[in-house]
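The task is to assemble the complex, starting from two chains supplied on their own in separate frames and drawing on the hints.
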Amino acid sequence: METLSIYAPKLVINREYIASGHRACSGCGEVLAVRYVCKALGRNTIISNATGCMEIISTPLPETAWEVPWIHTLFENTSAVASGIESGLKALKRKHGYIKEVKVVAMGGDGATADIGLQSLSGAMERGHDFLYVCYDNEAYMNTGIQRSSATPFGASTTTAPAGKVSMGQHTQKKNMAAIAAAHGIPYVATSCSSYPFDIMSKVEKAMKVKGPSYINILSVCPTGWRCASNLTIKLGRLAVETGIFPMYEIENGKYTLNIDLPKLRPVEDYLKLQGRFRHLDKDKTAEIQEKVLDEYNKVKRLAAGNKAK
Amino acid sequence: MTSKRIGIESSLAIAEAVRLANVDVIAAYPITPQTHIVEGLAEMVANGHLDAEYIPVESEHSAMSSCLGSSAVGARTFTATASQGLILMHEVLLVAASLHLPIVMVVANRALSGPLNIWGDHSDAMVTRDSGWIQIFVENGQQAFDQVLCAFRIAEHQDVLLPTIINVDGFHISHVIEPMYFLDQKAVDGFLPPYKHPHALDPDKPVTMGCFAMPNLYTESRKALDTSLRESKKVILDTWQKFGGMTGRYYNEVETYKSENAETLLITMGSYSENAMEAVDKMQSEGRKVGLVRIRLWRPFPYTALLEAVSGAKNIIVLDRAMSLGGPPPVCSEIRSALYPQAKRPQVVSVVGGLGGRDISPDDFEKLIDIGLGRIKFGDTAETIMFGVRE
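Note that the protein sequences, when read in sequence, are chains A and B.
Each step along the first sequence adds one to the number in the working numbering, with nothing skipped, and position 23 is 23.
Each step along the second sequence adds one to the number in the working numbering, with nothing skipped, and position 108 is 108.
Chain B on its own, in the form it takes in the complex (with noise of 0.2 Å):
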């Protein structure tokens, strides 16, 4: 059922797991970091190793756009972006939504322009957190193309229908090798049943996509997407169980590292997580009570499981991968918001770091805790810290 270890390029593991899923339509446009994927699928396409339609589009909108024609009529859809291209697909994603079309989409992670910047941060899946897109973040390679699987699994779930996007760190995912295992096709098929959209375009059965709603029906619409999106919830859980049960490899909502007895917690998302658990293993080993929290799922946003990995905290610090200019950050905003109808709250402090590919090590996120509780210790936590800026 899997493969023995090998090492690959993460990039080529995801359309690895684009292929085992058996992908019938992928449309899609180059942009750095994420074209190892999708070059690795037109490849698997050219070679007959994966009968699909690769559409090889004029632009990210008309990317996103070409995926929801061929998830409206029944077939099952891929796509990967990132950064520019993804604020470009923007106004279609929140579309694909709307529609219930269940479409996949692999974000590698990057920054913003300007000034141009080809590295990683989260700035671009911030921008498209409202979309009601289903929202999961990876570690490494093998979250990546286990998530991909498990993506496709719950996006086109009866009870779902919606688009998932799994986000994953440019370059520091997307460009790393590392060893991982693969799934075979016999596995594969068991696990992810066939697509079929309940309401697709047929002219046996015809349906109208996309009316206009005025104010009076509008609201309702919205309420609709809202619930279906907040739902998706225990499908998504069912899923990563089942996926566990199947490899031994089992996900959650919002994961823990040596939290337990930790007074001081650190929130993060995406590949650093991995550099603070060595920070964490260090400190802890010094005596120190810190832990690590880290949110996989990023849409719905994890309400209860977050208060519950950080209930015995006294100190939290949050590190975002991207800004929101002028405002608090984006990742610390939600968990701000979450902690305060709380009548115990733990002192939350609010850091920006690793932006356009800037990285923090295992040290730095040492450097980051300190000054962090430094902050808690002189009652100074109203303001954003900006990790490593030079000024």
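So here's chain A without its partners, still in its complex pose (with noise of 0.2 Å):
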């Protein structure tokens, strides 16, 4: 019989930072994210958390699914806070004999992270305190009842910017947090998604490497604010990174890397159609996303490619 050898390129610990018996909906792509950014970060992290679903979901007195120490306070604040917390521990290591070596972490939405909690993010990013700053995104104010934000894509309907007879809904374009952080000139950004367990842990640790601030923006796909199956969750994520609506990349000290670079992208109906935030769209304003979505993509393409020329 033949000796077999095992080839096991990409291992995950077991060990679980926040616990199962939370309260997310089924399918939820947001706590799915977290839950690997929580294992690649491992015990050694403080979490300081936005008000929203995640908090919503795991921390209802006197329960709790952190297994890491956690802090939330307000909707607007997180970064504020994790600032406070690194320069805390900068401290306590200086004058007080603190010998831990432990990673500050603040996360928040995309309500509050590319609104509400804008200026705090900015802030803190630009003071350098060395914190990772992620952004699960699901392109709502989904634990208030879908309401648009600043990170809804264009076309979606949702409970402030509805689709009506007179309405297409969102009728802006996505904010760019991504290009918003990079522009802050700090070392490590990068993109990614729900359905791409790797990509979001091998971030998280490259960001963990960094000396400042890092911000890692996910897109976590969200079965009731997108109106779609909650079966769809990693297919919906898939889809929006092979159509190229959300294009993964890394901009490390300013330069940019594609990660999934796809030969041929599929047409964004693929995505459109599943969702029923999208139901609403005629075929002119399919076409009108397809053309921003490829306008957008080549930007970064060219960004990377760039890269490459240097």
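None of these hints come from the bench; they were simulated from the model.
All values reported here derive from a predicted model rather than from experimental measurement.
Each residue gets a CB set at the ideal place from its N, CA and C atoms; glycine is no exception.
Take these hints with a grain of salt, some might be off.
Which residues of chain A face chain B? A partial, calculated answer using Cβ under 7 Å [what the hints assert, rightly or not]:
id: 1; residue: R43
id: 2; residue: T59
id: 3; residue: I71
id: 4; residue: F75
id: 5; residue: A80
id: 6; residue: G88
id: 7; residue: L89
id: 8; residue: I116
id: 9; residue: S120
id: 10; residue: G123
id: 11; residue: T257
Now the stretches of chain B that chain A is said to cover, found in silico as 3 or more residues with beta-carbon under 8 Å [what the hints assert, rightly or not]:
id: 12; region: 24-36
id: 13; region: 46-56
id: 14; region: 65-71
id: 15; region: 89-99
id: 16; region: 214-227
Set out below in structure tokens:
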């Protein structure tokens, strides 16, 4: 009988830092993303979490799903709280013999990141605190009932920008948070998606190795808000990447790398047609989205190619 | 132990107290009339006279939010603000109290917009009244220096663990150079034990801070916080006793000035009390039975001490340096509600004055007392008097 070797390039630790039993909806891509983020972070982590779904599903007093030290205070201040944690630990190390190596992480949804918390995030990045910011981006205020945010994509119907006889729903383009983070000149920025666990984990590991602020924007599928079947979470995340709607890339010290560069992108329709939030879109609007997606995708591609040329 | 008497601006004396407390983190944003305090601290950090992390945040909201983070990992934390800055922080203040994070903050009290006004009154402090913080008023720079040191000991005491505000009148205290006594490092170290939060954020002992509460537990959480705040008084009084023993400067929740045998008592908070004292001196020398009561501890409210202080009086005139637009002013309504259950109640007149930095001189205080007594004489005490207002 032949002897065999095991080739296992991708190993995942079994230890969970966000315990099962939390109250997330079935098919929640956000809690999936956070689960992988936490696996990559490991135990020596302090998390500052913004108000939103994640806090509500994981910490109904007197219960908690968190197995790492975790603090929630308000909606718009999670980066400022993380700034204080990081500075506090620095002072404790310098003055009071504190020896632990602790990773400081701030987390929030797209509303907490791109809207109400943008100022405190910008401040913390500008000041250069050594922390990772994770935005689990499900493209609307899902916790309060699917209201539009500045990260809601063009054409989506939400409860505060609903499609109607004279409205197509969201008429603005999704705010580009990765570019905003990168404009602060921070050492590491990346985008990822809840359907790509290894990508999330490797990016978190990378982010934690840099000194200074890092930012990861994780597209997190929300069946409740996107109005899709809860068994489509993984598929939709992949389609977001395969259509080019959500390119996965890294910006390391200003240099772009496109992590998944498919020879041919799928038509955006494959992604849009599975979601109720886009159901009202006609052919013209779909074509408009298609054009914009290719435009944006090619921009990232050119930025990445520019790096290679150098 | 105590320095010789030196002349210094109160804001810089406050910074010196913070330095002596060997604070670990300062997160602050500039706002008049507080800025000299944090400028002083920034300079100390820049020159290596204070080993601390100074976080130059982008707003007061982030200042207090950063304070939450640093206090939650067990670092001694200080900030200072005023006016609009304090009310921008307001949302965060409530969380600091509910999470039991013993942050110490000096507020250089200032009027609120609008119209914009950078000068002193107590409008900002009154907005913060119900936030769950321990709140103390001072009357001069020496008291500010002393109370900042006391505040760390009170806030961080294991039986308290509550954030604490020292209210310092903007300009009238913050910018005044006055003679005062400092303490040396050894004395402060003996007075102020190191800060240790019993449930700090720590990977070796993970805790979850800031859960949400359903209707079945929210009431209990609020009751618990209220109880902690009320019971903090024991530590507050004990700390002031200890401080008095060390320095000879004793403080109390309610302090009186020549109030024995007074038929009429003026009640004040903050720096204007000193002008009121001069008025009392003069009126007493003229045979008038007038005295003064000053409220030092605003939260937890000193019901018993207040009732005791006013027990012999027939008339009370309460000066508020803030309004409650459309309702009775805050200090007076507190005093009226404290007195209401008493079988024998003095007459109470409410006066609002000293808004937006308008002075009330000793002469003005005499007038103010006479106007108040006039109202009592004619049984006309329902309406608040707006002292000195031009109509």
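> Should the interface hint for R43/A be scored as holding, given a Cβ-Cβ cut-off of 7 Å against chain B?
Replying inline: holds (6 Å)
> With a Cβ-Cβ cutoff of 8 Å, does the region 65-71 of chain B contain at least three residues near chain A?
Replying inline: Satisfied; 7 residues make the cut.
> Given S120/A was flagged as interface, is its beta-carbon under 7 Å from a beta-carbon of chain B?
Replying inline: holds (5 Å)
> When the nearest CB of chain B is found for T257/A, is that gap smaller than 7 Å?
Replying inline: violated (31 Å)
>> Tell me if the interface restraint on I71/A is satisfied: Cβ within less than 7 Å of some Cβ in chain B.
In response: holds (4 Å)
>> Given T59/A as an interface hint, is its Cβ closer than 7 Å to any Cβ of chain B?
In response: Since chain B brings a Cβ to about 4 Å from T59/A, closer than 7 Å, the hint holds.
> Should the interface hint for G123/A be scored as holding, given a Cβ-Cβ cut-off of 7 Å against chain B?
Replying inline: holds (3 Å)
>> Can you verify the interface hint for F75/A: is its Cβ closer than 7 Å to any Cβ in chain B?
In response: violated (9 Å)
>> Less than 7 Å between beta-carbons is the criterion; does G88/A satisfy it with respect to chain B?
In response: holds (3 Å)
> Are 3 or more residues of the region 46-56 of chain B near chain A, judged by a Cβ distance of less than 8 Å?
Replying inline: holds (count 5)
> Once the shortest beta carbon distance from I116/A to chain B is found, is it less than 7 Å?
Replying inline: Status violated, d = 11 Å.
> Are there at least three residues in the region 214-227 of chain B whose beta carbon sits under 8 Å from a beta carbon of chain A?
Replying inline: It holds: at least three residues are needed, and the region 214-227 of chain B offers 3 whose Cβ sits within less than 8 Å of chain A.
Checked against the numbered hints given earlier, the structure breaks hints 4, 8, 11 and satisfies all the rest.
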